[in-house]
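2 protein chains.
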Amino acid sequence: MSATSPHTDRILMGPGPGNPYPEVIEAFSRPVMGHLDPEFIVLLDETNDRLRQVFRTQNPLTFPVSATGSAGMEATIVNTVGPGDTIVIGINGVFGERMCDVASRCGADVVRVEAEWGMALDQQELLDAHPSPKVIAVVHAETSTGVRNDVTEIGAGKGDSLLLVDCVTSLGGIPLEIDEWGVDLAYSGTQKCLGVPPGISPVTVSAAAIKRFVDRSPSWYLDFSMIAAYVTGGAARAYHHTAPISMIYALHAGLGVVLNEGLENVHARHQACGDRLQAGLVDRGFELFAEEGHRLPELTAVRIPEERLPDGMSEADVRSVLLERYGIEIGGGLGPVAGKVWRIGCMGHTARQRNVTMLLGALDELMV
Amino acid sequence: MSATSPHTDRILMGPGPGNPYPEVIEAFSRPVMGHLDPEFIVLLDETNDRLRQVFRTQNPLTFPVSATGSAGMEATIVNTVGPGDTIVIGINGVFGERMCDVASRCGADVVRVEAEWGMALDQQELLDAHPSPKVIAVVHAETSTGVRNDVTEIGAGKGDSLLLVDCVTSLGGIPLEIDEWGVDLAYSGTQKCLGVPPGISPVTVSAAAIKRFVDRSPSWYLDFSMIAAYVTGGAARAYHHTAPISMIYALHAGLGVVLNEGLENVHARHQACGDRLQAGLVDRGFELFAEEGHRLPELTAVRIPEERLPDGMSEADVRSVLLERYGIEIGGGLGPVAGKVWRIGCMGHTARQRNVTMLLGALDELMV
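Respectively, the protein sequence lines represent chains S and W.
Under our numbering, the first residue of the first sequence is numbered 771, with each subsequent residue one higher.
Under our numbering, the first residue of the second sequence is numbered 771, with each subsequent residue one higher.
None of these hints come from the bench; they were simulated from the model.
It cannot be assumed that every hint is accurate.
Put simply, identical chains are the same to the list, so a pair is met inside one copy or across any two.
With a straight-line Cα cutoff of 25 angstroms, these simulated SDA-like cross-link-like pairs (lysine to any residue) come out [to be verified]:
1) 1110 - 1006
2) 1110 - 1003
3) 981 - 875
Computed from a predicted model, the values in this text were never measured in an experiment.
Next up, chain S with everything else stripped away, as it sits in the complex:
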């Protein structure tokens, strides 16, 4: 407990991590096993089966990358685009921009398709941007703006291109259909709608994408061809690197919670929390940042009403008071909207109506 805060725990209503499910924290107490232990392999296989259910895919190559969500992004890109390959990237927030950075380091030709922050990308524009890109990449749920970018038309019209989708903030929070939508590569994080602490990154890769892997990924650690020998190796697993055992226990448990509740029920819970939060904010005169019709329930960006900040307090001060007095974390803006928006998450175990009630109540107490 710090000198300033009556809380040693947090209600995590920022852009992630959200609060983990209690069952997930319990899983951390399981005895650690070796990464080649037959019982661990059973648990890993089960984790990957659960991931397939949540991703809604049959892809055999579905597993958690042994690093956080941004490494999932890097992994999907470094295995598919090399020097001279064209990748079309949709950019309407920080994470589309990050994809460009990652892809350009691979020597890829990056074709940018932009939309204003807060607006959704135009799918046709992405399809028209280049006649035959190797990859078209889109962020499904832009954590920096609260915008949902749809990808179904891209999947339907992509032709020979591979469709790569950032599902960090969408997986487990809103409907996502990897196979039905024609998504070839997707990555996610554990610390958003899956209710697991950050640390590993679920990915799924289609057979078509595997056929078009670059010859030799610039990254050894993220080389999917090598990792596949461990992940999908059947009885004889080839050691690649030591798996993050405890984090996989945690993911296994988090996916168990989600599947026990039922994926549709979990989506509905996120939707209901987001709906009530967004209605409550609008009732209080806040303006939602994301375009109507494309608002994520699990991550809400609102414009900060300068005139309603308490006298002499900046928006950062208000966030500090929320953290110190209430133990509630909400997020500030990133990049061009820093200081202009707040980002409020209701993800995983945080997606409970009582948390919405608490935050709206706290804002009522704080704002003028």
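Since the structure of chain S is already known, use the hints to place chain W on it.
The following block gives chain W in isolation, referenced to the frame of chain S:
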């Protein structure tokens, strides 16, 4: 519990993970905080201070990479060698070979200096291999052979070259003096002698190495220049990627155990376990694989005496029986020594005399 095993837990005496300290598992139950939470930043700073004490360095850029030990290897290499840079790499096992793979993917000119598996590298040979390499890289503790490669002469004679050392299996297990020995870059794992589950990779980087970073690392995720803005950013931390919060709690706790016991005492405990294990194996007619004078106490490779395997059982069968009947994991050999050596670890919380007693007793019961 499986049908074949009376154990749901393991005594982890393979090449890692070892058993975690109980205090580490306890730390996993701490409430998750956000990666920009001021209280988390305090904990991260404290973790990095503890790492500096264990690495025996003053390097400000000392922190855990958000991925396992092999990513620590990749991180130190991709930030320092690019196309046309020369790196001299010592190879006497799997992990030196892995360094070559990683460095060649960066486009570096790799100069190989080899020693027979089981023998230590010749430091003068590494110094003489090239007139002015940018980096000289050595594995301090070869997990594939149980050999300790010394690096003090390289540190003293390196001139303008940077000395990069793999400390995955040495950190916390045997004496290591980053600053005194002139080591510029080092990485480790959590799951060996620090008594923490696998998942993140402590690294430390000298001021001289920072000055010679490549312009733009091929990896965004492992870009030290960008990560430094978060890790050593003072009050204003720039978000790079979401830190693996719970794994950092675990590392913080594991380092706390090590420093409370005292680094020298922890080394002595590893040494005493290794000494007794190795003497016990020799007494039983086993032949140690690593060259005398260069044997790691924390990781012992022994030649498998074929004639003493129980009738009709392979060495893998014996390891399976150890696992199923006793709940003890030991490791097989990698690469050219697969099927020829066992690798027995006494690392972290596993480094207790009672575990040596148990394993030697089990071998007495099993071997003919």
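To see whether the hints hold, each was checked on the structure:
1. In this homomeric assembly, residue 1110 and residue 1006 come within 25 angstroms of each other (Cα to Cα) only across copies, at 18 angstroms, whereas the closest approach inside a single copy is 54 angstroms.
2. For the identical chains of this complex, residue 1110 and residue 1003 are inter-copy neighbours only, at 23 angstroms across copies versus 49 angstroms inside a copy, given an alpha-carbon limit of 25 angstroms.
3. In the homo-oligomer, the alpha carbons of residue 981 and residue 875 lie at most 25 angstroms apart both inside one protomer (22 angstroms) and across protomers (21 angstroms), since each shortest distance falls under that limit.
Comparing the model with each numbered hint stated earlier shows that all of them hold.
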